[in-house]
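Turn these sequences into a full structure, and let the hints guide you.
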Amino acid sequence: MMNRRQLLATMTSATLLASTRDGWAQTTSVFRIAAFNPITGAGAPYGAGMQKIILAAVDEVNAAGGAGGRKIEVLPEDTQTDPQAAVLAAKKLIEINNVQALVGIWSSGVTLATIPLANDANILLMCTSGAPEITTSKINAKRLVYRFNTTGDGFGKAIAEACAQEGFKRPATMAYNNASALGIVEGFRKNWEQKGGKVVGAVVYEPNQPSYRSELQKVLAAKPDVIVMGSYLPDTTIILREWYQTGETQKWILAGQAAGPDLVKAIGLEASDGLFVVNSITNERSTAFSRYDAAYRKAMDQPGIANIYAAMAWDMVTVLALAMEAAGPNANPSAISAKIREIANPPGKQVSSFAEGKEALKSGKVNYDGASSSLDFNNLGDASADFELSVISKGGLSRKYVVKL
Amino acid sequence: MTAFAELFIGGLMSGIVVGLAALAITLVFGIARFPNAATGDAMTAGAYVALSASAVTGSTIIGGLIGALAGAALGVAAYALVFRKLAGRSSVANLLASIGVAFGIRAVVGLNFGYQQQMFQLPLVRPWHVLGIRIQPNDLDLAVVAAITLAAVFIILYATPVGRRMRAVADDPGLAQVSGISPSRVMVALWALAGSVSSIAGVMYGMKTVITPEMGWNMLLPAFAAAILGGIGHPIGAICAGVLLGTLQEMATPFVGFTYKIAISFVVLLIVLLLRPQGLFSHAEGAR
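Listed in order, the protein sequences are those of chains A and B.
Residues 1 to 405 in the numbering used here are what the first sequence lists, from first letter to last.
Residues 1001 to 1288 in the numbering used here are what the second sequence lists, from first letter to last.
Check before you lean on any hint, since a few could be wrong.
Said to hold, decoys possible - Covered stretches of chain A (chain B as the covering partner; in silico rule of three or more C-beta atoms under 8 Å from a C-beta of chain B): (1) 60-73; (2) 157-167; (3) 239-252; (4) 262-272.
I should point out that these hints are in silico values taken from the structure, not numbers from a laboratory.
Even for Gly, the Cβ is constructed at its ideal location relative to N, Cα and C.
Listed below in structure tokens is the structure:
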């Protein structure tokens, strides 16, 4: 029978042995990434599709022989669209699972909360978030953060253009109190005032309230002819329902993340009729998009255009894999990051998939033309896209025109 | 002036929902003597069951009643499986166990119903205009439901034998046991009552907003604040405190803005507790 000292020694050595297991796994050629997506919370309409498409894209990369001599391994996780929960999950992914990239973060709050962790661990972070601060030189100092979406600023500019084109004169704004929505609304205000207009009312509201009637009351008191809102699906549903029940008749311009078939299902055909939606558009005519679309239909049984964030997630994996291939075997995340602009921006042979790019990299530079946009990153990690203005009528979204910035 | 009246009505309706949740909390707090963190998720579960039931039966009222019954069943199940075992332990142990029960309920609800938002399919109606103030007919319906619920709780507590026993246990558990009151029967009745009140609060919250698995947990903090403000163990106090906090919160928005209105209700709680620590309606208790 063991005495206490022997038991303690056995337990300690067993723990040490168990913890080195992970270290041994590192020397085999696997590049671990985390599919860090909003399966629950405000991003839930998009998170499951994003995660499934990341898995599908990684399968494609591995089937083509891996990238930079390594296979990619994916650890799926849920951010819960909540910064506090996401930080805990990110710590586990970074410290225990030793991932080298966080891929597919949707919410700005989560991105801003996890960037310090990713920077400290020197790993890549790829997001679809809108908050302008994400790609500033202060926060993205190590240039390891890449944004595959337009900033909220760009969004706001597109909304201001659309507003001017539709002939509105008295816009008011409502914004969910977080970085992304405030970015959109601030971008709108800046660009609208540059055009010589004035924003007649501005309200910022908190999440998880039993009612938004007083917020709505304040906005309506300014008598706007259009209300521009940066929001998410649950609060948009509540606010629009309460607005419709006031009997007021102004127009609304919503950001695409909050408006879509789910919103129509929630508030009904009558209340959703005539709502304007501004959204960034995918690179719809590209070959990469049709490949993404086929993969999305297979994984989710829905058209790829239904989830533009999934298109961005698809591109994230392809861009990461091409950069790994270009950086060579056993490159660390900083070396891979240095290659991202090289493979995504011109000059180079235009490619639309990882297999095509891997082949082309043997004979020269490539320029990946993505499913979500042409993916020409600037030096702070921002890609840019075009926008569309759509109108909801009879329960369906139909594009009115494209807004180019 | 009409602006303030409309703010008041909005705050009144929010306050009623919070007040009902606070009622469920204060019942458990008064009789089982611990803060029940599973109230929020009981609200969520009740809302989901009511949603499914109203989809199946086609009537929201029947759906709500079935939701209330499901809430009662959930409360009794929680008691039988978890809280009965912890009967003699400290309130902290019970609180932690209730947090665990909350997570469990939320996970089951999420797995069963999915994480996408769901809504009660209620028809959208235009408001009535009374003296220039807009009044929503749906609000009146919800106020009537809340009044009926409060009346039912009162009748149970003050006009039935089991209610008398519950009040006896709330007053002095030791003396009640010595007098021959069987604790388990009282507890089953208590948890059934608290569970159904939580469900009704959840259904009302779901009707005003959207139904997601996290909705109840988000309501916990305001509900706790209202329960404490009203005095622990006082049903009327809970509802009054909920209404008070709701109306003060909304009516303060022209002065403090919407981001800080949540802070206002906690400032009010702070001031009242500083001046009157037992809450609005409770008696001061001393120990000798």
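#### Entry: Those earlier numbered hints the structure runs against, lowest number first
1, 2
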